[in-house]
Amino acid sequence: MKSQNGKVMVVGGGIAGLTAAWELSRQNIGVELVEKSCFLGGHSIGFTCKATDKCQQCGACSVEEMLANVVDEPLINVHLRTEVTGLQNGDGLTVSLTKSDAGPAGGGILRGFSKNNRPLYVVGQDAGDDIPEGAVKITELGTEARLEVDAVIVATGFTPFDPSIKKTYGYGQWKNVITGLELERILRENKSLVRPSDGKAPQKIAFIQCVGSRDKGLGHLWCSQVCCPYAMRMASVIKHDNPEADITMFYIDIQNTGKEFPIFYEDVKSWLKFVRAIPVDIYQVEDERLKLMQLVEGQDAPAMEEFDLVVLAVGITPGADTPDIAKLFNIAVNEDGFLDGGSAATAGVFVAGTAAGPGSIIDTMAGAQKTAYEAMKFLGVTK
Amino acid sequence: MTAEKSSNTIEISINTDVLVIGTGAAGAEAAEVISAQGYKVAVAGDGGQDIAQSGRAELIEGAHIRDFAGVAGDFRACFVKDGQRLERNFGAVVIAPGRNVRPQAEPFGLSLGERVITLGELEKILADGNARSKLGGAAVALLLNLTWEGDPQYTARVLEASLAIQQLEGATASIYAGNVKVAAPGLERKFTYVREQGVVCFKPMEKPSIEQTGDKIRITTLDSILRKTLVAEYDYLVVEEKAEPSDRDLDLAYSLRLDTDLEGFLPSNNVHRFPVNSNREGIYIAAPGLGANIALRIKELFGDGVKSVPADRAVVDPEKCTICLTCYRCCPHGAIFWQDGVAAISPLACQGCGICASECPMDAIQIGGFNDKDLRRQVREAVAATQKPAIVAFCCQNSALEAGRAAAEFGMDLPAGLKLIKVPCAGKVDVEFIMQAFVDGADGVMVAACHEGNCKAERGNLFARWRVNEIRKRLEALGIDKQRLLFTTFASNMAKGFAETAAQFAGSL
Numbered sequence: 001m002k003s004q005n006g007k008v009m010v011v012g013g014g015i016a017g018l019t020a021a022w023e024l025s026r027q028n029i030g031v032e033l034v035e036k037s038c039f040l041g042g043h044s045i046g047f048t049c050k051a052t053d054k055c056q057q058c059g060a061c062s063v064e065e066m067l068a069n070v071v072d073e074p075l076i077n078v079h080l081r082t083e084v085t086g087l088q089n090g091d092g093l094t095v096s097l098t099k100s101d102a103g104p105a106g107g108g109i110l111r112g113f114s115k116n117n118r119p120l121y122v123v124g125q126d127a128g129d130d131i132p133e134g135a136v137k138i139t140e141l142g143t144e145a146r147l148e149v150d151a152v153i154v155a156t157g158f159t160p161f162d163p164s165i166k167k168t169y170g171y172g173q174w175k176n177v178i179t180g181l182e183l184e185r186i187l188r189e190n191k192s193l194v195r196p197s198d199g200k201a202p203q204k205i206a207f208i209q210c211v212g213s214r215d216k217g218l219g220h221l222w223c224s225q226v227c228c229p230y231a232m233r234m235a236s237v238i239k240h241d242n243p244e245a246d247i248t249m250f251y252i253d254i255q256n257t258g259k260e261f262p263i264f265y266e267d268v269k270s271w272l273k274f275v276r277a278i279p280v281d282i283y284q285v286e287d288e289r290l291k292l293m294q295l296v297e298g299q300d301a302p303a304m305e306e307f308d309l310v311v312l313a314v315g316i317t318p319g320a321d322t323p324d325i326a327k328l329f330n331i332a333v334n335e336d337g338f339l340d341g342g343s344a345a346t347a348g349v350f351v352a353g354t355a356a357g358p359g360s361i362i363d364t365m366a367g368a369q370k371t372a373y374e375a376m377k378f379l380g381v382t383k
Numbered sequence: 384m385t386a387e388k389s390s391n392t393i394e395i396s397i398n399t400d401v402l403v404i405g406t407g408a409a410g411a412e413a414a415e416v417i418s419a420q421g422y423k424v425a426v427a428g429d430g431g432q433d434i435a436q437s438g439r440a441e442l443i444e445g446a447h448i449r450d451f452a453g454v455a456g457d458f459r460a461c462f463v464k465d466g467q468r469l470e471r472n473f474g475a476v477v478i479a480p481g482r483n484v485r486p487q488a489e490p491f492g493l494s495l496g497e498r499v500i501t502l503g504e505l506e507k508i509l510a511d512g513n514a515r516s517k518l519g520g521a522a523v524a525l526l527l528n529l530t531w532e533g534d535p536q537y538t539a540r541v542l543e544a545s546l547a548i549q550q551l552e553g554a555t556a557s558i559y560a561g562n563v564k565v566a567a568p569g570l571e572r573k574f575t576y577v578r579e580q581g582v583v584c585f586k587p588m589e590k591p592s593i594e595q596t597g598d599k600i601r602i603t604t605l606d607s608i609l610r611k612t613l614v615a616e617y618d619y620l621v622v623e624e625k626a627e628p629s630d631r632d633l634d635l636a637y638s639l640r641l642d643t644d645l646e647g648f649l650p651s652n653n654v655h656r657f658p659v660n661s662n663r664e665g666i667y668i669a670a671p672g673l674g675a676n677i678a679l680r681i682k683e684l685f686g687d688g689v690k691s692v693p694a695d696r697a698v699v700d701p702e703k704c705t706i707c708l709t710c711y712r713c714c715p716h717g718a719i720f721w722q723d724g725v726a727a728i729s730p731l732a733c734q735g736c737g738i739c740a741s742e743c744p745m746d747a748i749q750i751g752g753f754n755d756k757d758l759r760r761q762v763r764e765a766v767a768a769t770q771k772p773a774i775v776a777f778c779c780q781n782s783a784l785e786a787g788r789a790a791a792e793f794g795m796d797l798p799a800g801l802k803l804i805k806v807p808c809a810g811k812v813d814v815e816f817i818m819q820a821f822v823d824g825a826d827g828v829m830v831a832a833c834h835e836g837n838c839k840a841e842r843g844n845l846f847a848r849w850r851v852n853e854i855r856k857r858l859e860a861l862g863i864d865k866q867r868l869l870f871t872t873f874a875s876n877m878a879k880g881f882a883e884t885a886a887q888f889a890g891s892l
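Protein chains in written order, with our numbering: chain X, 1 to 383; chain A, 384 to 892.
Next up, chain X with everything else stripped away, as it sits in the complex (with noise of 0.2 Å):
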């Protein structure tokens, strides 16, 4: 199908580029959507559900509907596999596109947490003849070409942090020592929560906030947004599943998790312990528990405390390929690392989503449809 309001290249197919696609479609603006790995959905679409009977509006299930719009779009043109090279700024802007080396390899099997993921699933290249219906094989997936487009929208996302980098949590270490991204899986996975050790359900279970954000000491000066509202919410799933579990929650400030978050903070006080104060130290006793020692407040003497799991709500810090994407496409990088969104808007470049900065899946997705308009006054759709 001929669009008839110019092109841009997304570059990124998370939720941010995702929805930037979506919208730039609306207006009848061609789309070539070009995503690294073989599947489209970055980090949310492996995100759980985090209903209790009610939804508690984590967002999680408008990462799935927008992957399905998406898919379905005629003027939205996807490249997975497919990682950007070279960008030629002349009579509009030239884009080079080459395969990327992700994928299974030898003869492993992958497949996309969505049903919506087209092809759902991709095959290395020793793969025999048995493999699932609809499978695409690795060498078949990816775009090498040079293509011209209007604009581009840089939503390449975010970087986990990584807490085995705090030592003293004993991550990677202690096989119940898990992080948020962990426990979604945990639960999404199965119906209800299991200890990675040993596959029984936990009683007494913690959750550590600000692992990698808010932290001086790394020069993490930013608050990640979304590990108090993720943490809770997992933490109400839990409770509803297994009304006996005894959850604490370690923190420095408790971030609001949306609408209505005074009533739902007053029901979460209820049955969930608030410590004011972040563990230190992580060690491993009998049973694979764990014990954390913490500063109470209000006690003189360091509290020792038992658990059968422990959840690290590590948080969100710049995307890994942060400074090639910010020469590539040269975007400035701000002070926490992450580019800056205004920076390259003359050129036609803009910024959506996590790469920018922190945010929660709703906030993400508004502000890419803020950045898809922004590209549209370029194009000159909008004014």
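Derived from the structure by calculation, the hints contain no laboratory data. Virtual Cβ for every residue (Gly too), placed ideally from N, Cα, C. Any given hint could be a false lead.
[What the hints assert, rightly or not] Derived SDA-like pairs (lysine to any residue); straight-line CA-CA distance at most 20 Å:
| id | chain 1 | residue 1 | chain 2 | residue 2 |
| --- | --- | --- | --- | --- |
| 1 | X | 54 | A | 616 |
| 2 | X | 54 | A | 780 |
| 3 | A | 590 | X | 54 |
[What the hints assert, rightly or not] Listed next, with one range per pair, are the computed distances between beta-carbon atoms:
| id | chain 1 | residue 1 | chain 2 | residue 2 | range |
| --- | --- | --- | --- | --- | --- |
| 4 | X | 320 | A | 461 | 34 to 44 Å |
| 5 | A | 645 | X | 243 | 15 to 25 Å |
| 6 | A | 757 | X | 240 | 33 to 43 Å |
| 7 | A | 590 | X | 306 | 25 to 35 Å |
| 8 | A | 611 | X | 192 | 52 to 62 Å |
| 9 | X | 303 | A | 590 | 36 to 46 Å |
| 10 | A | 489 | X | 284 | 47 to 57 Å |
| 11 | X | 240 | A | 814 | 28 to 38 Å |
| 12 | A | 579 | X | 182 | 54 to 64 Å |
| 13 | A | 461 | X | 327 | 56 to 66 Å |
| 14 | A | 590 | X | 267 | 13 to 23 Å |
| 15 | X | 330 | A | 611 | 34 to 44 Å |
| 16 | A | 581 | X | 217 | 19 to 29 Å |
Following the hints, position chain A against chain X.
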């Protein structure tokens, strides 16, 4: 206003004038961005001279909405201004919500005055060169999120104000805070900077006790880090301003038939409404920074002023309609009105959920793609064709259907006798469909909806649950095991949950 185009679509011409209610920052921004798209904008509210002077929008100053009617593309607003009625037509409406600001002096047993002021009053003093000088040399305490949870915008204001005080000759600022809301760009950095500039931030374990004696304010707290009682004296105390929904917004919610959240703020707490939608097509809720988002939705709604819509989205049979107004009352989108003696459904405002069709006592409404005859045939086929136990699952297309299809696609085990029937919303599952399934021989019936608070039709899932509960009572009265009818909720990404619930249900039959 409508003209036949083809058998399945009609063209509707749309009034492309936009009414913006509210003259504050969000209203002004929305007016500017929308008028830049070439649409005529009128702004109603008090003040707003700057908007009028910009020439971008007409100002209907001091006018307040008395009556409101119509649907997207054709709203009618009746204003009262200086005792005169003024009627105007619009295609879309943008509401810039107001806030009632409630100063929080009383929770500490204090009254506002010379020395106990609100954040807003402090900001005015700081903005005024002459007034500001009286803070020179003063010790000022600012309260933050002790009596309410606040938000990042409020935290940012307190940080800015305390920094401005700290920079005055001899003045000091201290913040007494509950949860500091730093979940916004740059705020943690700002919070750190403010403290580096000498602003002290106390985080008391309990609500501080505050006494005013003459010109001095004494604050006693139990400090969490030092673990002892701290007493400090100040010259000024800045109390919090709690934001509450404005009376005007509550009135608007009523007259424009808009859902609010549980606190009374527009719109409802439903992820599908974010960031600017309401439960009604063509009515948007503004906030500072969301002008572009609203402009996009309005451009999509208006197009070039003529819109092609399906003719059969929801059709009323005039022979059957008795104008009982059931449909008007239960439509979550305010899409139903009446004309020529029968109910009429706007094909532009209607979202096709089908709640009205299921609730209509005369069966006078049919939903395009989901007419009753088709659905009954599907139920019959589902029961006839299945292996045992035969389960008919009515699945909302937005959630359960996606989850069920994903479970099948991912090769998860699903009961062999399970058949999914797609419905536009669980609100379109008629009582008679469920009863028919049992009569036709279903062993079990599942009504699978969205989670409460996630329904695109706001209450379709609740209607479904209410109906299921009623039918279960009836089944019991008939001596049929009520456990054969299940109401359940899913999100579209819950393939695993769907498979497990279906297996469990099949096992119970």
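Verification of the hints:
no.: 1; hint: X:54 with A:616; verdict: violated, 47 Å
no.: 2; hint: X:54 with A:780; verdict: holds, 18 Å
no.: 3; hint: A:590 with X:54; verdict: violated, 32 Å
no.: 4; hint: X:320 with A:461: 34 to 44 Å; verdict: violated, 58 Å
no.: 5; hint: A:645 with X:243: 15 to 25 Å; verdict: holds, 23 Å
no.: 6; hint: A:757 with X:240: 33 to 43 Å; verdict: holds, 37 Å
no.: 7; hint: A:590 with X:306: 25 to 35 Å; verdict: holds, 32 Å
no.: 8; hint: A:611 with X:192: 52 to 62 Å; verdict: violated, 44 Å
no.: 9; hint: X:303 with A:590: 36 to 46 Å; verdict: violated, 24 Å
no.: 10; hint: A:489 with X:284: 47 to 57 Å; verdict: holds, 51 Å
no.: 11; hint: X:240 with A:814: 28 to 38 Å; verdict: holds, 30 Å
no.: 12; hint: A:579 with X:182: 54 to 64 Å; verdict: violated, 36 Å
no.: 13; hint: A:461 with X:327: 56 to 66 Å; verdict: holds, 59 Å
no.: 14; hint: A:590 with X:267: 13 to 23 Å; verdict: holds, 20 Å
no.: 15; hint: X:330 with A:611: 34 to 44 Å; verdict: violated, 55 Å
no.: 16; hint: A:581 with X:217: 19 to 29 Å; verdict: holds, 22 Å
The structure fails hints 1, 3, 4, 8, 9, 12, 15 (numbered hints given earlier, in ascending order).
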